[in-house]
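A.B. asks: Starting from the given sequences, assemble the full structure and let the hints guide the process.
Residue numbers (my numbering), protein chains in the order written: chain V, 8 to 297; chain D, 8 to 297; chain F, 8 to 297; chain E, 8 to 297.
No lab work stands behind these hints: they were computed from the structure. Careful, some of the hints might be misleading.
Treat identical chains as interchangeable: a pair holds within one or across any two.
[Claimed, not checked] Below, a list of computed lysine to aspartate or glutamate pairs in the DMTMM-like style, where the Cα atoms sit at most 20 Å apart:
#, residue 1, residue 2
1, K245, D256
2, K199, D104
3, K199, E167
4, K111, D82
5, K49, D130
6, K245, D104
7, K145, E163
8, K9, E58
9, K245, D281
Below, each chain spelled out in residue letters.
Number of protein chains: 4
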Amino acid sequence: MKIGFIGLGHMGAGVAANILAAGHELTVWNRSPGPVKALAEKGAHVARSPEEALQGEILFSMLATDNAVREVGLDGALLARARPGLVHVNLATISVDFARRLAKAHADRNVDYVAAPVFGRPDVAAAGGLTVIVAGSKAGVGKVRPLLERIGRRVETVGEAPEQANLFKVAGNFMLAAAIESMGEAFALVRKGGIDSRVFHDVLSNSLFACPVYQGYGSAIVAEKFEPAGFPLRLGMKDVGLALEAGRDFSVPLPLASLVYNHCVEATVAGFADKDWASLGKLLATKAGL
Amino acid sequence: MKIGFIGLGHMGAGVAANILAAGHELTVWNRSPGPVKALAEKGAHVARSPEEALQGEILFSMLATDNAVREVGLDGALLARARPGLVHVNLATISVDFARRLAKAHADRNVDYVAAPVFGRPDVAAAGGLTVIVAGSKAGVGKVRPLLERIGRRVETVGEAPEQANLFKVAGNFMLAAAIESMGEAFALVRKGGIDSRVFHDVLSNSLFACPVYQGYGSAIVAEKFEPAGFPLRLGMKDVGLALEAGRDFSVPLPLASLVYNHCVEATVAGFADKDWASLGKLLATKAGL
Amino acid sequence: MKIGFIGLGHMGAGVAANILAAGHELTVWNRSPGPVKALAEKGAHVARSPEEALQGEILFSMLATDNAVREVGLDGALLARARPGLVHVNLATISVDFARRLAKAHADRNVDYVAAPVFGRPDVAAAGGLTVIVAGSKAGVGKVRPLLERIGRRVETVGEAPEQANLFKVAGNFMLAAAIESMGEAFALVRKGGIDSRVFHDVLSNSLFACPVYQGYGSAIVAEKFEPAGFPLRLGMKDVGLALEAGRDFSVPLPLASLVYNHCVEATVAGFADKDWASLGKLLATKAGL
Amino acid sequence: MKIGFIGLGHMGAGVAANILAAGHELTVWNRSPGPVKALAEKGAHVARSPEEALQGEILFSMLATDNAVREVGLDGALLARARPGLVHVNLATISVDFARRLAKAHADRNVDYVAAPVFGRPDVAAAGGLTVIVAGSKAGVGKVRPLLERIGRRVETVGEAPEQANLFKVAGNFMLAAAIESMGEAFALVRKGGIDSRVFHDVLSNSLFACPVYQGYGSAIVAEKFEPAGFPLRLGMKDVGLALEAGRDFSVPLPLASLVYNHCVEATVAGFADKDWASLGKLLATKAGL
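C.D. replies: This is the structure we're talking about:
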């Protein structure tokens, strides 16, 4: 199949490589040349303009911010020059509101739009092990699903409105942040009572909480190891902010999300923005005088 | 070994049966006669007074409230009539402060005191699968450890001051409550955005959150099934309250524990005290107009 | 002086009448004709298009929402057709971010822009008793200050960047909301202890808290009188939301503002959006089972 | 009238002096001799034991902590040796729960017990300007009211159960703390937006918030002047803790009180325990990076 790919950051590059490995004809475009080169060596065609990437059957994009989407033109002008019948699959975590506007911008120009944000870190993306949350028209989703199954271990369709996939994603990331917060408070409490937080973490993350979030982030907090950042605090904060924004739009009170967000602000002030967001646990230890 | 057991509620009865099954000579006492009878049929000796239960090498107790401990006299008078060399193992979740006072009361009367609160529900207790958190003097813990290994799948020593085991336990229960709160908010959010919360729960509790807490409590919230209560909200609320009390004593700010506690109060006002504490999720749905 | 006025809602109409009463030549424009008529009878000139209102020395506007500002064109096109030297005074409470963008839009078209949001309700506006918070260029502020002193009892310049006046205003409104929240919690607490909340309110609002906010909102909470709404909850919620938005932009953690905002969401779900925002107190009583 | 007075701290000494000045025969007792001497010079009789202070018609006490009350014996033994018909007026801010137990201890020994906690600082006490909140039996309150009117500008009876006066007091002190929190957040917000917090405070505390709490504490926050402490943070924290305890007992969710309490813990960790509790404002500025 002829496929385009725009946005080859840490996550995008891994996904693109998997699509290429599946035997598709891939045209890639990126603002900076580095990641393009590596894919070209594996057989990808390098586009000279973003427009070229829209001339296949499917376009994937994974641009980190709303602004990047706008600069490339994927919220407007560029869409008008897409090959008829193109389906655009947006893998990025964007706000529910922006997702809704993007969906409309695509509909206005007869481009099918599927939102497919993913759970997983760069190494998981490279290994094809992502969890992919999909929402969009039945036709669009049907067309791209086989491809998504190449890049993810699990592909779950959650609705027909693209923004629903984004809502799903930010709600999930909020739960991650909440788990970090709860460990941060609990670890600080037991430590001040003279208990080794490694033992506390070890017991719980091998019983009631025997799952990746508590094992991984918990170990990071216990070891105070926040660099290199698997997921930097500033991005986590952005996602919790998007959950709050959605809560506002849907009239859902989210006191725990608010609490976590405020702690992210404090952590940012404390200089943790580029550390892993498990460093929230460090902030909570500091508040307790540890 | 000659062992006594006081307090045969849902949890205690299962533990006592396991000790009996291990071939020990067990003397049991309970305020109400029902559970005593069942154990007598399995070979336990029925004490006519609590005092009789203190004439072995080890006494286990599992009394639900501080008051019950006081009424039986385990915080004072009764201890003076214990067999010399007795080790008292308290399996109940009590406050850090009360644990400290009990430890002192025992030391004053030369009775060794070991705190051994457990994680697990009655069915887990009956199956010998509890996680047992132990703290106390090296000698005392050494003496009781083999027995604890009969009643628990995992036995973890966390310190020499008995109250440390209680701190460990309430900190763990707080983390449980926090997980419920985070699911409650996240589920409300996705539902108001038109997403099936079963799908949301299914995806997350089979990936990032693939562990008993998220699987079990999450299912209960999704199904709005809070009866019969595996763990009633009023007990969960008590434990979060104990975490807050410990936070106050050790100067640890616990904003998330405070948040959960306040929601427990609201849930109590709403009539959920005897429902499973997963019903916090119902409260959060209600706040969002669901 | 030749002055224009756009936006004759409850607040705007009172301010416009005061300007007229001061002997100025006033050209008014409003989307709906009702309020225009009343002012015309007092001698105001009725504009047939918004543009006419920009042909004097000063233009006042008091449009309730960002959208209204955009629809009229005061963020763009319309400004290009203003009389050279015009100073636009925006009396509305808008977001810090939108204020910043408006300031830029005016600068690009050589129109001086002064932000002058006000504290006070419609009756205070009609009586010329508002507190006016002003920010803008020295020249612009200097030109409009005498007029502002006609509409306000107190006029305070707080900076040269127009958005600073808006920040000041939303921070002040947040403090109002916080006072309501604190009364709501305190009143619920004393009531459940059998104390008459009228006595509690009477004592405090005549001693430590002897000021309009506690007297006025407190009386409303005690009497559970939330209609007609002096200031509807949905507008209060909007302002607390603007404070949070500013907190995010300036990296200021605002846990109390977050708390109040979440309660506003709950109150909205409970149907209080158009009641006075003192009805937050009612929400808090309900949470306590009152 | 023959009156006893136990507890001559900063507050008690001023009150005792006012009673003396009203021409009563006053017998004073204090653990440390300093304040006793000053009152003796003004004509007070110095008791050699607390018991002597219970031989008049009325006993006032103002002991800072529950423990002090217990050590003196006012919760038990000492009461049995009181002159028949004695009314004990407790001016201290104690917990609702302890008030209830004290009331019972007095009833058991036929001593009338009136709770009369006060609002006001030492200088206000010395000037006879306190606000006195009274609860107790009609007979007891009737007997002591004329005296209370000598020590307070306003005397308000709020119920017949003594603990109601204590509930009133801690609810009021919570409102104070909430006002400090709200100023702390608002001041931090405007400062980061480049506004002079003195101007912000000046405008608000002379309009909507023109009352002692906002004027006094606000000035302290703006000037960052927290020493000498008019009311030390550790005492304010104790009172907010008592409000939370009452909220727990009466099933009233108090999220704002919880928030303030957690900030008090953080402030304590930061070393502010003995500073004025307006230093909460400093904590909030620090969180914002100011």
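A.B. asks: All the hints need checking, so say for each whether the structure fits it.
C.D. replies: Going through the hints against the structure:
no. : hint        : verdict
1   : K245 x D256 : both (16 Å within a copy, 12 Å between copies)
2   : K199 x D104 : between (43 Å within a copy, 14 Å between copies)
3   : K199 x E167 : between (49 Å within a copy, 15 Å between copies)
4   : K111 x D82  : within (9 Å within a copy, 24 Å between copies)
5   : K49 x D130  : within (18 Å within a copy, 56 Å between copies)
6   : K245 x D104 : both (14 Å within a copy, 18 Å between copies)
7   : K145 x E163 : within (13 Å within a copy, 52 Å between copies)
8   : K9 x E58    : within (14 Å within a copy, 54 Å between copies)
9   : K245 x D281 : within (12 Å within a copy, 31 Å between copies)
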